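Enquirer: What follows is the residue order along each chain.
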Amino acid sequence: MIAWLDVLIQGVLLGGLYGLFALGLSLMFGVMRLTNVAHGDIVVLAAFAAIAGVSALGGTAGSLWPLLGVSLLLLPLAFGAGYLLQRQVLNGTLGRDPLPSMVVTFGLSIVVQNALLQAFSADPRALDVGELAIHSLPLPGGLALGTLPLITFVISLAATAGLQALFGRTALGRSFRAVSDDREVAELMGLDARKVYALATALAFVLVALAGVLQAMRTTVSPGDGPLLLLFAFEAVIIGGMGSFWGTLVGALLLGVTQQIGFQFDPGWGIWFGHLVFLAVLVVRPQGLFPKTRG
Amino acid sequence: MSGALLRTTGLTAAYGDAQALFGIDFELRAGETVAIIGANGAGKSTFLKALTGLVKVPVAMVSFDGVPIGGAAPGAIVRQGLAMVPEGRRLFPSLTVEENLLMGANARRPGPWTLERLFGLFPILKDKRANPGMALSGGQQQMVAIGRALMSNPRVLLCDELSLGLAPIVVAEIYRVLHTLTAEGMSVVIVEQDVSTACRVSQRVYCFQEGRVSLQGASHELTREQISLAYFGV
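Chains as they are written, first to last, in this note's numbering: chain A, 2 to 296; chain B, 290 to 523.
What the hints contain is simulated information worked out from the structure, not anything from laboratory work.
None of these values were measured; they are calculated from a predicted model.
For each residue, glycine too, the CB sits at the ideal point set by N, CA and C.
Do not take every clue at face value.
[What the hints assert, rightly or not] Covered stretches of chain B (in silico footprint by chain A; criterion: 3 or more residues with CB under 8 Å from a CB of chain A, positions within the stretch not fixed):
#: 1; segment: 357-370
#: 2; segment: 373-383
[To be verified] Here are some of the chain A residues that sit facing chain B, going by a computed Cβ distance under 10 Å:
#: 3; residue: D7
#: 4; residue: R175
#: 5; residue: S176
#: 6; residue: A179
#: 7; residue: D182
#: 8; residue: V186
#: 9; residue: E188
#: 10; residue: L189
#: 11; residue: G191
#: 12; residue: D193
Using the sequences plus the hints, can you model the full thing?
Expert: In structure tokens form, the structure reads like this:
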């Protein structure tokens, strides 16, 4: 019993990280119906940017201050990169046909992967977080909560709540929902849809950068990891329901718990257990568990 | 031709290779209500889209208060004082009534229209302000669509098929409200398939046929035969 409780706890914490992977994807799809195939690669790019940044600052092993500094620099950079990418490239691919945006982001995925290979080689790397990597909070029954996974989970929860509040209670969120509902009428109301889309992607990239840093803190990353991370994010979004942030988080938690259950049976079963749940949701409830609960 | 608030000169518009408007000359004077009638596909809605920047046209072909606005961004045109009530209402499904109304204030000009004044005009909307826009009846949705346009404090209201899918009693109420607006000095262009309503509520009528103006004149002077000929071409 205790072992299964541990599986549940570890699964929920893992799902928190998947939730961060997925929120950006959910945001971009929800506002623009754009599936960013390069999403996972951008997560990896952010992870390597953090690793390179900490290295450039000459961070000593286990010291978190350089990492904090790099992260604070990375978030506005990600915002700017997302804004520019959408404004200069992706806006031109949007329309009734989803294929152009998928082709362009697929191309971007290849470019990012190869650029990372060129710059960092195929070797896995990680951010050295020292004691934090192994620190945990003891629970009754011999269970333990990993401090870093717990921090990640709390950040994921806060990001989901923040996004939902932004969408439901602010003028910007209203604009996001309006251009998503009817771009033409939104423009008749004076909104510049291209600018609103750029802001959505900028916000998504901030979440992606956050996810990348936390991923590199938790485990190793290598340039070829992007597609798998995209798959996890995609599965979480589909399970939760397209365009719903709380649904995305629930989907991510479900994915994390399912993977942990699989790992409990056999170390090789975790990932495909997650795929099975994803396929089951696609068959039984293709719209996801909580489709499009806006605001 | 002097005194026109809104004017098009030889307006042409196309969707790709398919030309939809062929040299439309049109004018709307301050405080006037003008109706545009015509069969489906005559170019009425395209004309309104060209006026509002949703269909791109050469700059000199549309002028508002003497300023060329053809092809400008929709937001810039709204800020000039043109607002549109689109065909089929087209409320934002994920926004509440109040949020839908507030969307109209994005390109707000200085003027009298506020949420409170709108709720005075349409009291039922105040009670339903927190409801999803799409949960309202057709007539109430039309009130929201009109209110949303008014929130930008327009000088000209462009109304596309206000009566579409609404009960006659609701249509009468909507046009009563529109009459109130024109009495306060608002200029209105209505696109309407119901010819008798169009002639009753407007001072002048333009009839479109296959992207051209087939008839124009004072509403009370046009005969049923003239309109029938211009409308159907037979």
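Enquirer: Hints first: check each against the structure and report whether it holds.
Expert: Hint by hint, here is what the structure shows:
By the rule of at least three residues with a Cβ nearer than 8 Å to a Cβ of chain A, the coverage given for the segment 357-370 of chain B holds, with 5 such residues. Given as covered by chain A, the segment 373-383 of chain B passes the check, having 6 residues with a CB less than 8 Å from a CB of that chain where 3 are the minimum. A hinted interface residue such as A:D7 counts as satisfied when its beta carbon comes closer than 10 Å to some beta carbon of chain B; here the least separation is about 40 Å, so the hint is violated. For the restraint placing A:R175 at the interface with chain B, the shortest Cβ-Cβ distance is roughly 5 Å, inside the 10 Å limit, so the hint holds.
For the restraint placing A:S176 at the interface with chain B, the shortest Cβ-Cβ distance is roughly 8 Å, inside the 10 Å limit, so the hint holds. Annotation: interface hint on A:A179 holds; nearest CB of chain B at approximately 5 Å, less than 10 Å. Annotation: interface hint on A:D182 holds; nearest CB of chain B at approximately 4 Å, less than 10 Å. Checking A:V186 against chain B by beta carbon gives a least distance of about 5 Å; that is within 10 Å, so the hint holds.
Interface restraint check for A:E188: the shortest CB-CB distance to chain B comes to about 4 Å, inside 10 Å, so the restraint holds. Of the supplied interface hints, the one on A:L189 holds, with its beta-carbon coming within about 5 Å of a beta-carbon of chain B, less than 10 Å. Of the supplied interface hints, the one on A:G191 holds, with its beta-carbon coming within about 3 Å of a beta-carbon of chain B, less than 10 Å. Checking A:D193 against chain B: minimum C-beta separation of about 6 Å stays under 10 Å; hint holds.
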